[in-house]
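Protein chains in written order, with this note's numbering: chain L, 1 to 226; chain E, 1 to 226.
Please keep in mind that the hints were generated in silico from the structure rather than gathered at the bench.
Since the model is a prediction, treat every value here as computed from it, not as a measurement.
There may be inaccurate statements among the hints.
Any copy will do: because identical chains look the same in the list, a pair fits if it lies in one copy or spans two.
[What the hints assert, rightly or not] 25 Å max Cα-Cα, derived DMTMM-like pairs, lysine to aspartate or glutamate:
no. : residue 1 : residue 2
1   : Lys101    : Asp184
2   : Lys56     : Glu34
3   : Lys71     : Asp135
4   : Lys101    : Asp86
5   : Lys17     : Glu191
6   : Lys137    : Asp41
7   : Lys137    : Asp46
8   : Lys101    : Asp32
9   : Lys101    : Glu64
10  : Lys17     : Glu43
Protein chains: 2
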Amino acid sequence: MRVLLVEDDADLSRQLKQALGDAGYAVDHAPDGEEAHFLGDTEPYDVVVLDLGLPKIDGVSVLERWRRDGKTTPVLILTARGAWSDKVSGFDAGADDYLTKPFHTEELLARLRALLRRSAGIASATLSCGGLRLDPKAARATVNGEPLRLTSLEYRLLHYMMMHQGRVISRTELVEHLYDQDFDRDSNTIEVFIGRLRKKVGSERIETVRGLGYRLTPLAGETEAA
Amino acid sequence: MRVLLVEDDADLSRQLKQALGDAGYAVDHAPDGEEAHFLGDTEPYDVVVLDLGLPKIDGVSVLERWRRDGKTTPVLILTARGAWSDKVSGFDAGADDYLTKPFHTEELLARLRALLRRSAGIASATLSCGGLRLDPKAARATVNGEPLRLTSLEYRLLHYMMMHQGRVISRTELVEHLYDQDFDRDSNTIEVFIGRLRKKVGSERIETVRGLGYRLTPLAGETEAA
DNA sequence: ATCCCGGCTGAGCCCGATCTGAACACCGCG
DNA sequence: CGCGGTGTTCAGATCGGGCTCAGCCGGGAT
Numbered sequence: 001m002r003v004l005l006v007e008d009d010a011d012l013s014r015q016l017k018q019a020l021g022d023a024g025y026a027v028d029h030a031p032d033g034e035e036a037h038f039l040g041d042t043e044p045y046d047v048v049v050l051d052l053g054l055p056k057i058d059g060v061s062v063l064e065r066w067r068r069d070g071k072t073t074p075v076l077i078l079t080a081r082g083a084w085s086d087k088v089s090g091f092d093a094g095a096d097d098y099l100t101k102p103f104h105t106e107e108l109l110a111r112l113r114a115l116l117r118r119s120a121g122i123a124s125a126t127l128s129c130g131g132l133r134l135d136p137k138a139a140r141a142t143v144n145g146e147p148l149r150l151t152s153l154e155y156r157l158l159h160y161m162m163m164h165q166g167r168v169i170s171r172t173e174l175v176e177h178l179y180d181q182d183f184d185r186d187s188n189t190i191e192v193f194i195g196r197l198r199k200k201v202g203s204e205r206i207e208t209v210r211g212l213g214y215r216l217t218p219l220a221g222e223t224e225a226a
Numbered sequence: 001m002r003v004l005l006v007e008d009d010a011d012l013s014r015q016l017k018q019a020l021g022d023a024g025y026a027v028d029h030a031p032d033g034e035e036a037h038f039l040g041d042t043e044p045y046d047v048v049v050l051d052l053g054l055p056k057i058d059g060v061s062v063l064e065r066w067r068r069d070g071k072t073t074p075v076l077i078l079t080a081r082g083a084w085s086d087k088v089s090g091f092d093a094g095a096d097d098y099l100t101k102p103f104h105t106e107e108l109l110a111r112l113r114a115l116l117r118r119s120a121g122i123a124s125a126t127l128s129c130g131g132l133r134l135d136p137k138a139a140r141a142t143v144n145g146e147p148l149r150l151t152s153l154e155y156r157l158l159h160y161m162m163m164h165q166g167r168v169i170s171r172t173e174l175v176e177h178l179y180d181q182d183f184d185r186d187s188n189t190i191e192v193f194i195g196r197l198r199k200k201v202g203s204e205r206i207e208t209v210r211g212l213g214y215r216l217t218p219l220a221g222e223t224e225a226a
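Just need the whole structure built from these sequences, with the hints factored in.
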């Protein structure tokens, strides 16, 4: 999952970037509204954390522009304590959730998980695909109850695929959502990781669709229990 | 589906051509307005991606000429960031959608899908013909709920036929929409693929109209559920 | 009844897409 | 500085699918 963090305070930015990274997100940071608008326009984020008090262009305007342009990416806004009106205008502009500063990092992470879940149209907190389970909160995955030992990238790959199971996902799309901005395009890393993941979750669960990408599906005999 | 990509920047062209190809389109590329106008006039594209900043003849003029000549092919224009006026004149000239550079490939693909869907006058995201279903987003087709295992060309063929079901489609038309410019005309590939497709979806669904082409129809007993 | 022509089909070639094992580069750590 | 664990690169092996070919079939015209 890839997140855009829009925050001008350097300390807080550093801290959040660290926390989000630890939580397994690929993070891009924009220190002002201009940069934020540009990045949001350019890169395919899964979710945005947007501070409303920003230099150059303020947060609400950025959000309004994105929505006017038809972007539906879920956005969580950060407001100062007591800045009630900010919160309202933020929602009017199309925010999906908010958090007032100061807040606990944990809470931010929890809300982000909820947003991602909602945006993927998934109800329950843990993702499942046949005998495969993934709990974003604990960053833990199991096959038929057996815990899986996944590396960070393997986990992120699986997470993304589970959020988009049933549909073909191109290598390009994977690269764009697993890594932040600068990444060498023509590399076969994704293929290698798909291979490694297959060894761990069972090859049959990840189907390759020649010329298009990969698709995660429950095994033939498995019933899909939501 | 066949798309004309009009873009002068060599790097971007290569990248987009790749991405569009990956997404299953047959792509022709025109590096300048003259070539664009010629190709658009000559070949039957399903959709056009048109950069407005072009050498020789500029994009807006090309678009204007096409529209004046009565072409209704959906056109998506690419504009430079902040080139507000370009976007406006593009719309005035008859563009169906726009995207400002730089943009994300996925978004381009999504918009193209939307355009194609709109242009075929089909509301739902999935095409259906009796017990046959095709979901372009997931790149997946089913017969009576059973998923079909289709190769890339089989899928494209079926996709095109479903978008024009009920009508006779000539081999020539198929060739023109499934392949890019240079394709050996007197080849029986289409027949071969029609054959393969019949084996997978049921021969009766694809009727041969001798001397004219093929027609995709629901089976006799099937009611067409939209 | 035969012939002709368009259409159908099975087999097989060939190339590029994909996979895979192993080596290499990094990094944090003791 | 050596080590374990990760991510990335590389090169060769493998595999699948698009295309061609040659021969068969069936309908309509003569």
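Consistency of the hints with the structure:
1. For the identical chains of this complex, lysine 101 and aspartate 184 are inter-copy neighbours only, at 20 Å across copies versus 36 Å inside a copy, given an alpha-carbon limit of 25 Å.
2. In the homo-oligomer, the alpha carbons of lysine 56 and glutamate 34 lie at most 25 Å apart inside one protomer (6 Å), although the nearest pairing across protomers, at 34 Å, exceeds that limit.
3. With identical chains, the CA atoms of lysine 71 and aspartate 135 are at most 25 Å apart between copies only, with a shortest distance of 23 Å across copies and 28 Å within one.
4. Taking the shortest alpha-carbon separations for lysine 101 and aspartate 86, only the intra-copy value of 12 Å comes in at or below 25 Å, while the best inter-copy value is 31 Å.
5. Taking identical chains as interchangeable, the C-alpha atoms of lysine 17 and glutamate 191 lie at most 25 Å apart only when they sit on different chains, with a minimum of 21 Å there against 27 Å within one chain.
6. Within a single copy, lysine 137 and aspartate 41 get their C-alpha atoms only as close as 29 Å, which misses the 25 Å cut-off; across copies the closest is 22 Å, which meets it.
7. Within a single copy, lysine 137 and aspartate 46 get their C-alpha atoms as close as 17 Å, and across copies as close as 18 Å, so both meet the 25 Å cut-off.
8. Proximity of lysine 101 and aspartate 32 under a CA criterion of 25 Å is satisfied in both settings, with 18 Å inside one chain copy and 20 Å between copies.
9. With identical chains, the CA atoms of lysine 101 and glutamate 64 are at most 25 Å apart both within one copy (21 Å) and between copies (19 Å).
10. Taking CA atoms no more than 25 Å apart as the test, lysine 17 paired with glutamate 43 passes in both settings, with 17 Å inside one copy and 19 Å between copies.
No hint from the list above goes unmet by this structure.
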